[in-house]
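Chains B and D, in that order, are what the protein sequence lines are.
Sequential numbering from 80 applies to the first sequence in the working numbering.
Sequential numbering from 80 applies to the second sequence in the working numbering.
Be a bit skeptical, because a hint or two may be false.
[Stated by the list, open to error] SDA-like, lysine to any residue: derived pairs with alpha carbons at most 25 Å apart:
| no. | chain 1 | residue 1 | chain 2 | residue 2 |
| --- | --- | --- | --- | --- |
| 1 | B | Lys447 | B | Thr430 |
| 2 | D | Lys209 | B | Leu244 |
| 3 | B | Lys209 | D | Arg195 |
If you are wondering where the hints come from, they were derived from the structure by calculation, not from laboratory data.
There are 2 protein chains.
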Amino acid sequence: MSKKALSILMRARMRPNSNSNHSVSPLSLTNAVKQMQRHRNSREGQSAGGASREENSASNDSGSSEREFMHVRASMDSAVSMNKTEFLDDALNNFSEGYFSFSHENRRKLLLLLAREYDLNRSQVCELIKQYLALELPADKAQVSEEEGLFASFYRIERNLRHALKPVYEVLFERLNTHPGGLRFLSILRADILYILTEENIASLRALDSYLHEKLSTWLSPATLELHQITWDDPASLLEKIVAYEAVHPISNLLDLKRRLGIGRRCFGYLHPAIPGEPLIFIEVALLKNIAHSIQDVLEDSPPIPESEATCALFYSISSTQPGLAGINLGKFLIKRVITLVKREMPHISTFATLSPIPGFMQWLLSKLACQKRLAEGDMSQTLTEGSNLTFYEKILKPEEEEALMSLPKDLAMGQTGMETMFNLLTSTSYKWIHSSELVSVLKSPLMRLCARYILQEKKRGKALDSVANFHLQNGAMVERINWMADRSENGLSQSAGIMVNYVYRLGHIEEYAHSYFSNGEIHASSDLRHYVESDKKQ
Amino acid sequence: MSKKALSILMRARMRPNSNSNHSVSPLSLTNAVKQMQRHRNSREGQSAGGASREENSASNDSGSSEREFMHVRASMDSAVSMNKTEFLDDALNNFSEGYFSFSHENRRKLLLLLAREYDLNRSQVCELIKQYLALELPADKAQVSEEEGLFASFYRIERNLRHALKPVYEVLFERLNTHPGGLRFLSILRADILYILTEENIASLRALDSYLHEKLSTWLSPATLELHQITWDDPASLLEKIVAYEAVHPISNLLDLKRRLGIGRRCFGYLHPAIPGEPLIFIEVALLKNIAHSIQDVLEDSPPIPESEATCALFYSISSTQPGLAGINLGKFLIKRVITLVKREMPHISTFATLSPIPGFMQWLLSKLACQKRLAEGDMSQTLTEGSNLTFYEKILKPEEEEALMSLPKDLAMGQTGMETMFNLLTSTSYKWIHSSELVSVLKSPLMRLCARYILQEKKRGKALDSVANFHLQNGAMVERINWMADRSENGLSQSAGIMVNYVYRLGHIEEYAHSYFSNGEIHASSDLRHYVESDKKQ
Numbered sequence: 080m081s082k083k084a085l086s087i088l089m090r091a092r093m094r095p096n097s098n099s100n101h102s103v104s105p106l107s108l109t110n111a112v113k114q115m116q117r118h119r120n121s122r123e124g125q126s127a128g129g130a131s132r133e134e135n136s137a138s139n140d141s142g143s144s145e146r147e148f149m150h151v152r153a154s155m156d157s158a159v160s161m162n163k164t165e166f167l168d169d170a171l172n173n174f175s176e177g178y179f180s181f182s183h184e185n186r187r188k189l190l191l192l193l194a195r196e197y198d199l200n201r202s203q204v205c206e207l208i209k210q211y212l213a214l215e216l217p218a219d220k221a222q223v224s225e226e227e228g229l230f231a232s233f234y235r236i237e238r239n240l241r242h243a244l245k246p247v248y249e250v251l252f253e254r255l256n257t258h259p260g261g262l263r264f265l266s267i268l269r270a271d272i273l274y275i276l277t278e279e280n281i282a283s284l285r286a287l288d289s290y291l292h293e294k295l296s297t298w299l300s301p302a303t304l305e306l307h308q309i310t311w312d313d314p315a316s317l318l319e320k321i322v323a324y325e326a327v328h329p330i331s332n333l334l335d336l337k338r339r340l341g342i343g344r345r346c347f348g349y350l351h352p353a354i355p356g357e358p359l360i361f362i363e364v365a366l367l368k369n370i371a372h373s374i375q376d377v378l379e380d381s382p383p384i385p386e387s388e389a390t391c392a393l394f395y396s397i398s399s400t401q402p403g404l405a406g407i408n409l410g411k412f413l414i415k416r417v418i419t420l421v422k423r424e425m426p427h428i429s430t431f432a433t434l435s436p437i438p439g440f441m442q443w444l445l446s447k448l449a450c451q452k453r454l455a456e457g458d459m460s461q462t463l464t465e466g467s468n469l470t471f472y473e474k475i476l477k478p479e480e481e482e483a484l485m486s487l488p489k490d491l492a493m494g495q496t497g498m499e500t501m502f503n504l505l506t507s508t509s510y511k512w513i514h515s516s517e518l519v520s521v522l523k524s525p526l527m528r529l530c531a532r533y534i535l536q537e538k539k540r541g542k543a544l545d546s547v548a549n550f551h552l553q554n555g556a557m558v559e560r561i562n563w564m565a566d567r568s569e570n571g572l573s574q575s576a577g578i579m580v581n582y583v584y585r586l587g588h589i590e591e592y593a594h595s596y597f598s599n600g601e602i603h604a605s606s607d608l609r610h611y612v613e614s615d616k617k618q
Numbered sequence: 080m081s082k083k084a085l086s087i088l089m090r091a092r093m094r095p096n097s098n099s100n101h102s103v104s105p106l107s108l109t110n111a112v113k114q115m116q117r118h119r120n121s122r123e124g125q126s127a128g129g130a131s132r133e134e135n136s137a138s139n140d141s142g143s144s145e146r147e148f149m150h151v152r153a154s155m156d157s158a159v160s161m162n163k164t165e166f167l168d169d170a171l172n173n174f175s176e177g178y179f180s181f182s183h184e185n186r187r188k189l190l191l192l193l194a195r196e197y198d199l200n201r202s203q204v205c206e207l208i209k210q211y212l213a214l215e216l217p218a219d220k221a222q223v224s225e226e227e228g229l230f231a232s233f234y235r236i237e238r239n240l241r242h243a244l245k246p247v248y249e250v251l252f253e254r255l256n257t258h259p260g261g262l263r264f265l266s267i268l269r270a271d272i273l274y275i276l277t278e279e280n281i282a283s284l285r286a287l288d289s290y291l292h293e294k295l296s297t298w299l300s301p302a303t304l305e306l307h308q309i310t311w312d313d314p315a316s317l318l319e320k321i322v323a324y325e326a327v328h329p330i331s332n333l334l335d336l337k338r339r340l341g342i343g344r345r346c347f348g349y350l351h352p353a354i355p356g357e358p359l360i361f362i363e364v365a366l367l368k369n370i371a372h373s374i375q376d377v378l379e380d381s382p383p384i385p386e387s388e389a390t391c392a393l394f395y396s397i398s399s400t401q402p403g404l405a406g407i408n409l410g411k412f413l414i415k416r417v418i419t420l421v422k423r424e425m426p427h428i429s430t431f432a433t434l435s436p437i438p439g440f441m442q443w444l445l446s447k448l449a450c451q452k453r454l455a456e457g458d459m460s461q462t463l464t465e466g467s468n469l470t471f472y473e474k475i476l477k478p479e480e481e482e483a484l485m486s487l488p489k490d491l492a493m494g495q496t497g498m499e500t501m502f503n504l505l506t507s508t509s510y511k512w513i514h515s516s517e518l519v520s521v522l523k524s525p526l527m528r529l530c531a532r533y534i535l536q537e538k539k540r541g542k543a544l545d546s547v548a549n550f551h552l553q554n555g556a557m558v559e560r561i562n563w564m565a566d567r568s569e570n571g572l573s574q575s576a577g578i579m580v581n582y583v584y585r586l587g588h589i590e591e592y593a594h595s596y597f598s599n600g601e602i603h604a605s606s607d608l609r610h611y612v613e614s615d616k617k618q
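Work out the full structure, taking the sequences as your base and the hints as a guide.
Okay, structure coming up:
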């Protein structure tokens, strides 16, 4: 999963863990939790226990902070340099507990110190490199077998070089990986690193991240993960995690959760033996007669159809729980395994589809409209000298769409051009346009058409610009259908004017589609979808 | 575990798997099995089904061998270069099945090809190295934080260099590791590599082995292994493995096996999720009143004492099942976990000891005696010019021992000196010396004394020369006691004149002892043991 895809799939709604003394969440979540707490407190009038604790710990900083810092730093150093396993466990525990108790600033300081002071030994690398260059390669490869002896020195220095190129912090990572709770701690460490990197681009920290990312990818290979069907019989502590981390369609109450685990529904998670009771990623599935058109159909489908009548397994939500695992595509393997499992258990199910958000559509469309508006106003020079992006005037709307927008009554919509009117409508407070059938009927056609274009044609480095589209396409899905008014929630309207998309995983074509998308960015789409775009071209 | 220790702990008595069409055992075992088969056939008069199949497949070689070889080679190549996971699984299956069907010669050819043709890209490494040397390190490390930017190029090239230094065959290893059955296949591949290396020292193959060894160490870290108590309720297919692989004290029949899993006994194995139903290593434990003096006491202790009366957990056998995992110390972690587990379940047990063979004692003693005999005969010049090892004349026997040996009646023992007499007695056919109480009483004193010296003082590169001693000492045990006539089996007599040793794992001192042994070769021993050696010095 790309970092971006994951970050979107993952906007975790985590509840603070009130019976813990430490903040065992990454920085990003700590902040998110603070905001949520404030939000919920103001909305629900709850006591601000969690939030005030967080703030207290932050204001404590200046006092004992330096001493604390030195203490945790010392335990980190022991954890790297120690040889005896008995004390090593203590050092690792002290280090992780100390780290969890740290303020944002101390975490940042410690991570930078780890990245810089526990780096590799460059003079040793240079020494080996010089030895290596002094060796002479046998000219003729065919002679290799006779010259085995010659190669022995190559092998030796290459092995030494491989070791010398390992940063010292690898020892810490390796040790934490085999330490109880260590893998989870590493995932939090990485979440913090990523959070800091969004604020400052620090080369050493970026190198630390890239190394940790590689390590985590190896440790979390699909072979090490256990597919677990999450049911109402699971421990409440696990189900609580599902509620906390469901990122796409928040679970409103216990009944809602129970329905998502009940008849006609499935929920599967990937668990790692070292992080028990907490799926790293989970997917929610609805068993339906046909591919659903709207998320409300799925969430409020009560009672569900008998499972024996289902022909479609609809993946309506996939959520990662670990921001620190960004860039590790667990979702791809999870989807494949779930397809295999469902197909085996219910051979009557022949369609595997998603009902997915289009998180980037409105942002893309509004910036496009704003830019064209400026260009249309003759503000050409400014745009060009800004040099931010060379954009040329483009008729985003078809003449008939432009016309329909311009002919709207002025009390409903304002604007010098159709594009401006559209921009104003889409940015209106409380999405008032959806309450007017006249506005809806005028906007539907251009929005659907532009949405198809956004999904099928807007690319970044050869890959779909939309993060969720990119996620499913790289997993081998095709774009089947876009659905008008499929998600009327505030979130759905602000992301994609309420439009949702069905991606379909076609059995027997998954690898082929993944491959052609991977190698030349080709996006497979149904003829309906292609029709939107082709009519666009003819214009 | 050192390779040597493991190779000794592991002399596998594997039964051929008669319902398989392929030889899925490593080369070394295939040969061992052939020998065993012949042995058993001649002894037990069984049909030679297994052995003749092996030989047939070997004699088939010349015919279709080349075509077969090219076929498996092609699947190996696909397994390395392929991107699509669907076909990748097929390629990996074809490769492993093809490999299993190979003769010794074809396996050797394929492994050499893998080592040489799927090596790393040396010109790419050289290119990166030159780029690296062109960079300039900031002179002052304190300036680092201001010069972050400068470091970015270092990080980049170091990362690229790390990747370039990975041989191409790493892809194959990584893919096999996550492929069902792949880890077991890799362990067999490595067993074959090690077997070939005992016959020929090939640099590229040694590099392949060293790389695979490192990979396997990571994948088989104790965190990935499951401790399993093996009981009579386990599947017969697993129990069969215990019978096949018990290397130290062969299991003679079903009753014997049942007793080893019954009251007063425990058997624990380490299982890896990817190699189900087959422990990688297992340990057999007897719950006793005191540390046992002889293996017969343990094996024939019937009925065992009530478990509630036990104060000692005696590790009387530890066997590895995978020759391909040589050099990966699983035993150390297994012993520690078993100690923790037993201690928790039975707090009345306070002593954790072994009753261990001394596999190298007789070999060491006989070569010492032979050498001294030659020196005594004035054959000094030859020894020195051979230059094999500069050995000086040494009074191996104390005067009273020498005297006792020389005063034996001539019909019992022959020799010009005490040492020669001893040598002749110890190498006599069928160990006839143990049947004469007179000979036993004369030999006991020098043999016990020299055995203590062998265990406590004979070193190789600072570590105990005896492989089993080295294994337990590096795990943190101390030498408690040596036992006369502790193993009267043919094997016990030929290895160590029937002497066995108790190593003790002293709770609270395990790490300390392991550390002092690791850092300066210090061997902790009971005062009784030290007494043997000190009296030796006074001489």
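Where does the structure disagree with the numbered hints, that is, which hint numbers, in rising order?
1
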